[in-house]
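There are 2 protein chains.
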Amino acid sequence: MRQALPLPISISLDTIQSLLPKIDVFETISKGFIAYSKGEAVIPPVGELLFEQPPGEVHIKYGYIKTAPYYVIKVASGFYNNPSIGLPSSQGLNLLFDKTNGQLVAILLDEGHLTDVRTAVAGAISSRALAPSQVHSLGIIGAGTQALLQWKYHRRILDFSEVLLWNRHPEKAQQLAETLRQQGAKTKVVEHLEDLARQCQLIVTTTPSSTPLLEKNWIQPGTHITAIGADMPHKMELDPQLVASAELVVVDSRSQTRRQGEWSQALRAGLVKDRSPLELGEILANPQLGRQNDQQLTIADLTGVAVQDLMISQAIFENIK
Amino acid sequence: MRQALPLPISISLDTIQSLLPKIDVFETISKGFIAYSKGEAVIPPVGELLFEQPPGEVHIKYGYIKTAPYYVIKVASGFYNNPSIGLPSSQGLNLLFDKTNGQLVAILLDEGHLTDVRTAVAGAISSRALAPSQVHSLGIIGAGTQALLQWKYHRRILDFSEVLLWNRHPEKAQQLAETLRQQGAKTKVVEHLEDLARQCQLIVTTTPSSTPLLEKNWIQPGTHITAIGADMPHKMELDPQLVASAELVVVDSRSQTRRQGEWSQALRAGLVKDRSPLELGEILANPQLGRQNDQQLTIADLTGVAVQDLMISQAIFENIK
Chain C
1 MRQALPLPIS ISLDTIQSLL PKIDVFETIS KGFIAYSKGE AVIPPVGELL
51 FEQPPGEVHI KYGYIKTAPY YVIKVASGFY NNPSIGLPSS QGLNLLFDKT
101 NGQLVAILLD EGHLTDVRTA VAGAISSRAL APSQVHSLGI IGAGTQALLQ
151 WKYHRRILDF SEVLLWNRHP EKAQQLAETL RQQGAKTKVV EHLEDLARQC
201 QLIVTTTPSS TPLLEKNWIQ PGTHITAIGA DMPHKMELDP QLVASAELVV
251 VDSRSQTRRQ GEWSQALRAG LVKDRSPLEL GEILANPQLG RQNDQQLTIA
301 DLTGVAVQDL MISQAIFENI K
Chain Z
322 MRQALPLPIS ISLDTIQSLL PKIDVFETIS KGFIAYSKGE AVIPPVGELL
372 FEQPPGEVHI KYGYIKTAPY YVIKVASGFY NNPSIGLPSS QGLNLLFDKT
422 NGQLVAILLD EGHLTDVRTA VAGAISSRAL APSQVHSLGI IGAGTQALLQ
472 WKYHRRILDF SEVLLWNRHP EKAQQLAETL RQQGAKTKVV EHLEDLARQC
522 QLIVTTTPSS TPLLEKNWIQ PGTHITAIGA DMPHKMELDP QLVASAELVV
572 VDSRSQTRRQ GEWSQALRAG LVKDRSPLEL GEILANPQLG RQNDQQLTIA
622 DLTGVAVQDL MISQAIFENI K
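Just so you know, the protein sequences line up as chains C and Z, in that order.
Residue numbers for the first sequence, in our numbering: 1 to 321.
Residue numbers for the second sequence, in our numbering: 322 to 642.
Hint data in this document are derived by calculation from the structure and do not stem from the laboratory.
Hints are supplied without guarantee of correctness; some may be wrong.
Far from chain C by the CB rule (all over 12 Å, computed), these chain Z residues [to be verified]:
| id | residue |
| --- | --- |
| 1 | 403 |
| 2 | 414 |
| 3 | 416 |
| 4 | 455 |
| 5 | 457 |
| 6 | 476 |
| 7 | 495 |
| 8 | 532 |
| 9 | 537 |
| 10 | 541 |
| 11 | 638 |
| 12 | 642 |
Calculated pairs, DSS-like style, for lysine-lysine (alpha carbon to alpha carbon, straight line, at most 27 Å) [claimed, not checked]:
| id | chain 1 | residue 1 | chain 2 | residue 2 |
| --- | --- | --- | --- | --- |
| 13 | Z | 594 | Z | 493 |
| 14 | Z | 507 | Z | 493 |
| 15 | C | 66 | Z | 507 |
| 16 | C | 321 | C | 273 |
| 17 | C | 216 | C | 188 |
| 18 | C | 235 | Z | 387 |
Under 10 Å between C-beta atoms, here's a sample of chain Z residues computed to sit facing chain C [stated by the list, open to error]:
| id | residue |
| --- | --- |
| 19 | 328 |
| 20 | 331 |
| 21 | 501 |
| 22 | 504 |
| 23 | 610 |
Predicted, not measured: the structure shown is a model, and the values here were computed from it.
Glycine included, C-beta positions come from ideal geometry on N, C-alpha and C.
Please put together the full structure from these sequences, using the hints given.
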């Protein structure tokens, strides 16, 4: 029989939440995207597992940065009936392993929270990099955990005067609006998504939709859209014509967005055959590749990359060990 | 902030080792293969992560049986330089999740041991199902953890009089022979692999080789070979001509062995285009599909299926909760 090794550190959600304020998440995640786009990361295709009764989906993201000491495996699931039984829809954990010998060093029992945070941070970073110079109204589509977190992280690094909210179920948008108002935000719920689209200079989409929500002819010149919902091949929030009409499309991962994300939908529709999107890490490393003026329509298409999971898990672990 | 949920149960390697004797691993794993071959399991393609300095590989296997309460994610790695720094080459863990809501219920910190055991059990089950009626000499190729475990699990369910061992490094085969002798086995180390191949009615191959070891013209009629080493596309232990010449080839997973395993090598060599292997679960459910007489050459090609990880993890968890 082989001998048991020392147990890895287990880090609870409480501890993770207490450590997050000590981390510059924007800097941490930005560094990860830059390393990824420089080819310094090894990130295989995302693993997916689907469930029917009740409906659920699991994403397994994994990989490493060649110069970093760890490899990560991140499990994040969405079981969308969970709220009806009093559980959050997001679940999951992050595992950090020593990449020189395979030993498990840390189990981050984040229950999906680190995935939620790193997704919101990536959204805010993308918006900061690509938004027009003046954003009066931020529009958020969806009213779930991501809608709230995108607002929280956007307001930490971007200026805007008001938030417009739209959700398929208006009462949920009202609830979110109330939460935002309690935290000092000027907030309006709009009945028709078109109104939000026409009024906002910056729009963040956060739904699991599999049909387009935002139409091309609603969007004003100069708008930036950060789309974070389409993390599987069947999902989409933007009209593919809208994607094709953007002057600049920035994706988190060119390889992932050939298969999933808004870009993949435009590709499948044959609308962007001759184009190639830029990567977020390229824009972050070289800001002059980004928006050129306040008339351009820009889109950030985020599918979630394991390098984000690695960077945030590593930062938590290094703050505790 | 969301509320932290109760922590999942962590099960140490010590506890796992103390629970294993209480489980009928042969029955448990057999049931898993039968369910898998009946189409009752959802098992996506295996995830792989490779490392160069030092060399290492990680396999991520995941899935569920539709009628079972859990889904599993299994991480198993091989870092082959580990023994030189005093660590076992195998590392890893098994995670069990509630498949109705995604909650993590158990972390089995098995450090690769459950993968080693379920692999050995699958080998022994395959050999029991397909070996000729009389096995005088069992041949084992390789001298690592799997070589020892295959012997241990084979002798629990099969009769044989002696064990012949061969390894690329003869001194390691001698060490293994000494270990087996201390446990009462009659054991010989052979210098030339051909001698083992000609003398054994049952041969188990356990190496990470990426070139063929066993040649077609060494193998006697009536031999059964259980090949467990080729778990990645570049690996192989059998001459593809040997695979093509077998009267019966049984694989653990037809879908996985199109891409990896001995069958995939014979496929790529264009030698088995018009044939389809049987699955182990089919043979276990319907034994008359197996060996027809003592003259047939039979091969079991095992790549490792997540249903094995699910069944053994679930059995451990149900013995502890």
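Against the structure, the hints:
no., hint, in the structure
1, 403, "5 Å, violated"
2, 414, "6 Å, violated"
3, 416, "7 Å, violated"
4, 455, "32 Å, holds"
5, 457, "30 Å, holds"
6, 476, "17 Å, holds"
7, 495, "21 Å, holds"
8, 532, "25 Å, holds"
9, 537, "35 Å, holds"
10, 541, "36 Å, holds"
11, 638, "16 Å, holds"
12, 642, "18 Å, holds"
13, Z:594 with Z:493, "38 Å, violated"
14, Z:507 with Z:493, "17 Å, holds"
15, C:66 with Z:507, "48 Å, violated"
16, C:321 with C:273, "48 Å, violated"
17, C:216 with C:188, "23 Å, holds"
18, C:235 with Z:387, "25 Å, holds"
19, 328, "6 Å, holds"
20, 331, "7 Å, holds"
21, 501, "16 Å, violated"
22, 504, "13 Å, violated"
23, 610, "30 Å, violated"
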